[in-house]
Amino acid sequence: MRRLRFAWSGWLALVLTAGLGGWDRAAAQLNEPTLELFQRILPSLDDELKGKFEAAIDSERSWIEFSPDEFLRFRENPANPFDGLDSIDPHKEPGKIRLEFKVPSPRERVPITRERQHRTYLQVLDSTTLGVAPSVARVYCSGKWVALATAVNAHGLLVTKASELCDLADVTCRFSVEGETRDLPAVVWRVDESNDLALLKVEGLTLQPVTFYREVPEPGRFVTTCDETGTTLVLGVVSTRPRCLTRVNQAYLGVRPVNAAEGGVELVDVTPGGAAESAGLLAGDRIVRLDERAIQTVTDLVNAIRLHRPGASITIDFMRDGERRQATSSLAARNVDAAREPGKQEIVAGAIVSARHDDFPLVFQHDSPLLPEYCGGPLVDLDGRVLGINIARSGRVASLAIGGAQVELAVDRLLRENVASRDPEARALRASSSCELSARTGGGLRRTHRARFPGEKIPMIPGRDLPIRMP
Amino acid sequence: MVVLCWYVLGGIPLGAQQSLEELRGIEAAIQQVAAKNSAATVVVSDGRGSGSGVVVSDDGLVLTAGHVLTTGGNDFHVTFPDGRRVKARPLGKNLDVDAGMVKITEPGTWPHVELGSCDALELGDWMVCLGHPGGYDLGRDPPVRAGKLIADRPTQVITDCALIGGDSGGPLFDLQGRLVAIHSSISYDSIAINRHVKIDVFRRSWDRMLAGEHWGRLPELTNDDDEALRARAGMGITLDMSSPGATISRVKAGSVAETQGIQPGDRICEFDGTEVTSPDQLIELVKTKDPGDQVIVVVERGAVRKEVLITLEQIGP
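Residue numbers (the numbering used here), protein chains in the order written: chain A, 1 to 471; chain B, 472 to 788.
Just chain B, same shape as in the assembly (with noise of 0.2 Å):
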């Protein structure tokens, strides 16, 4: 059996730091997400390759990725976590953004969940992830993951709920047990950038699809949320643009630069052997260096010049 994934890849600083109290109410909404919607979450298959979804309509409505619908199959059938395997048909699906409808032909009432919207969401929430990653597996439960919104994009929303093969079309849920998202993609690089389409994005293909409409392609993957999402190395130091040389224009308190006695005025003439000449050329070699790396930073006042040996640090995203 082939498990799907698609590979594709999300960035902003800052959520407030949580309280241990805090956490505490947070672990038991998770637990409460996670025991309310699990019976729910599906594995989706065409007979050749397995992916995940979510039933969301007591008839047996299932959202899942678009991706999934496309490995060629025409034995269709859903398996909830209990066990019970049930025939289905595959509905219509929009692969310019990822999302794809499956519907239970068998009579029953089944179970489903909630829907949301991620509007309301903000950088640094915690989310609940269920699917099954690997595909079916007799006798285990949707693996519950947690995680953190890392990045909004326009159809996309980015957490560091680790996904995998097998997982896409599984459900993102926001804290009150409401499906916000479905799992797409995941960057091999980084366990920490997991895309899922926004609840919001099928709802504006939901008509079409439900009528079984099929259009678009799926998107290239690219690395571009990796590298907007890396960690990026600085010395905490502002550069005057308009000056030829890279001079500094001002230095951030408590910084590595300040701590080495780097002061505003100061003027950057050599950055880890090589010899700097304009503002933007030390912008790209401090691009090329990772937070943690040390360099020797050749720097002059007047006429003195002395080197400084700097430990670069996480400046974002």
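Pulled out of the complex, with its shape left as it was, chain A reads as follows (with noise of 0.2 Å):
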């Protein structure tokens, strides 16, 4: 039996098993990457050769057996995605050819021993994690481990990722107590659909809740993200301050922006038609104020606005002249989907995204690199201090994650909410909105949902600014 391994593309790897072999073995098991492989190849192949792959996917194996004549129309097949086949003469080798596909997943890769994800580095880190551990539980749903929550009171509950939950009626929390596992069953209490959280509840263990920091941290703390033994998985620096990134129906003003000098924010542009023109704004204008939110920096006008719905009104203080004015604006609309995504291969290289992976309110980066599953746990940094919950991987370059001030509040509601809930009226209603939910998603959350812009108090930065009344 021969074995090799080819890589191509930059990114494609292929391992070859030519001749007869008898191994099954678990390595040979189809991961995510190689599966996305063979889903975008299907459609440009024969019938013969898309039975062949469509069993291997079914069946979660990741090699195939050719015949030599399949394996010629695979070779010469346009979608066929490795070069390196021409070695291969299918007539010499005895029998049937046994191609084994393998794409390498981030979730198998092994550090390189320098790297800051290196196990060396990262039991170091393990001391500032372990006041936060009590707090983190491991999320399985039906049996596959998705998400990481985090505690939030002493009485069972808990924040973690919704959309991760595929199946709301099996749920299951692993605790570390003292060193041993507890798996507790949880029950999905509410969800946020905009900041993508989900409460759980779980019966019979007291929790040890986290304590939210509540500052927007300055980008290049360290942070760590750690599962329920304590245990650092990842190290990372905070990238960027918060910012809002819904991308459907984001409110638009039509400005173009620059940090003026003075403070505040010089108009250099007025879009032809758009909001801020018909409000009568001119370049040249200064904006300080919207609403009543001073405005600094451009990233302050861009996340003020974006956190209005479309439609909004909005009240703006700007300097002309060295004389102060007042505009009142009607928000405009537009989806920047196509513009955010320059490609899915250009972001993901390196990392596997998570299913809802934008579309946040209010969010910071960093740079660990977060596998789905981590999301849900806490954002920890060298002082053991918990930043926020990790969201989503977005990425090779950016995780996201919720800062402290603003789940709290969005735990607040979802208890409130919780609370309204209670009379048997509402009781039904959110019985039926349930069975609804579980009817079109296919008993989860998975992909379902946008950030929607609840009729709720919205912080805007976290611990510099009172929240404001959304529209």
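Treat the hints as calculated values from the structure; they're not laboratory data.
Incorrect hints may appear among the rest.
Unchecked claim - Which bits of chain A does chain B cover? Going by a derived footprint, with three or more residues having C-beta under 8 Å, they are:
| id | segment |
| --- | --- |
| 1 | 70 to 78 |
| 2 | 236 to 244 |
| 3 | 274 to 283 |
| 4 | 301 to 311 |
| 5 | 360 to 374 |
| 6 | 390 to 397 |
| 7 | 405 to 414 |
Even for Gly, the Cβ is constructed at its ideal location relative to N, Cα and C.
Combine the two chains into a complex, taking the hints into account.
Below is the structure:
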């Protein structure tokens, strides 16, 4: 048996086994990136080859056996992403040719010795996560590890990433209690679609809630993510300040702003026909306030606008010719789907991206290489403070977290909703809506939600301004 | 808009383990480096493609990657993180090493960074990376990324500071905040393989690029570095290369081979179902495995043959 390892196109690797070999070992199982590859080439294959790939997908194996003739047809097919198959003479090999397709999965990657994610470095950080570990649970859904959860009160309440809960009726939380593993069934209490947070309830264990750190972490701060045993999973640094990343039906003012030296934001350009123009704003005007929120930088302005619903009326304070003026505008709408996704491959290279990975009202970015199942757990700094909750892996360079103050508000809101739903009528409503939810999504929350603007208070930048009333 | 990234890819082991106190010092340095250099980290666009760049003089000389200047547009401008967008013109480029220069043509005094050198760097050093991944994003300062020096190549350094399309041409800093390299390419396979062109290489082509000269061609991108830097599997044994079979000359203390009772003088007859006939063949067989893979190895001692289950270990880089 001959086994060769090929690597092509910068990112595909293929293991070729020629000849007959009786091996169906675990390593030949289909991983996610290889499954994606199979699905991508399926439409271009003839029926016979398609049947072979579909059978491999169905039985979750990564190898396919070809007769010499089938091998040649696959090799000549334009959809074949491997250009190194030429070295194989199908007629020289005895019997069938077995190809094992193995696109490397980030999940199976072993860190290089010198890399910051190497266990040698991470274990130093385990001491910083010990205080948080009792507040962390590992969430299983239909037997599969899908997320982490963070305890928010002593009476069994935890938050997790809602869209990873593939079956709302089968959720289990794994805790580590004094070194012992405890698995407890969890009920999904409420879901905040906008933040993609779900409130879970477990019985029979007194939890240790986390204390959220409410200040905005400066970019460059080290952050770690740990599991329920306190083992540090990944290390990163904070990359950006909190930003509004909603993209569907995004509120839009229609200006090109720059930071002004004297503070505030100067308009270089005003889009013709846009909301700013109809409010009477001109190039050269300097915006200093939007509603009750002071505007210091372009970031402030962008966040302030995008946290509104399109059509919302806003009041802008601006300086013109040394004079303070005020204008009222109704915000326009735009969708930025296409603009934000310059090609999936570009973004994900070397990462497994969360099913729901954007469209969040207020998140900050960090560069820890999270796996989707690390989301929902606390993000901790070197002093063991909980800066927020990991909510998505959004690409090779970015993971997203919801800041502590924001999580607290979201949890408060979910709790209030839950209290309100205690009267019988509301309960019935809730029961029917969750049924509907299940029917629509095949039992889970995956890939179903877009950020919504609840008619509730949403904070702007935590710690710097009071929460504003959403219109 | 096309977002640029040139896909390429770089190994050596061991960096000193950092204590928590050292990490606090490194964290403070990363924050300072990012705060100090963010304003000079720009987007370079020719109207068609968009990459990153970094201003290195108060009159607006911008360093970028050579391939950022190859997308064919002619409407060059530079955008600062604070929203200012100014006109620029391309100077020269050395595509052999993926280096390029752009000059801001509008009058003004521009925020700029201090130049350093890769010569003083050591493998395992912490580095800070800025850039504009995904292109310009209104209201977003260049996202800060940190990582370690993974490998040192003749014209490039390799780090685990994650890069993506749009970062090309952006700056890599040492912990003193000096510019030491410019982002060039990545490995799609590994988040730990990100390549940056050394500033020392820019210096060698500096005058020619400043004079507007264009030369060289972008090298073929290969996976050689991926392969060289891939974590390899091993058992912790050394083979006697002069003997015809695969006879073990040394067993590393604490290795899986030692734990499983393998001793010097033993001969490996079979590896994962394949008969072993020479030391070279065994080495090739092990190369096809990954760390963590389980294999059955048949070991011969005198007249006795024994099957041993081995979980392969990581042996570098």
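Going through the hints against the structure:
{"no.": "1", "hint": "70 to 78", "in the structure": "violated (count 0)"}
{"no.": "2", "hint": "236 to 244", "in the structure": "holds (count 7)"}
{"no.": "3", "hint": "274 to 283", "in the structure": "violated (count 0)"}
{"no.": "4", "hint": "301 to 311", "in the structure": "holds (count 3)"}
{"no.": "5", "hint": "360 to 374", "in the structure": "holds (count 3)"}
{"no.": "6", "hint": "390 to 397", "in the structure": "holds (count 3)"}
{"no.": "7", "hint": "405 to 414", "in the structure": "violated (count 0)"}
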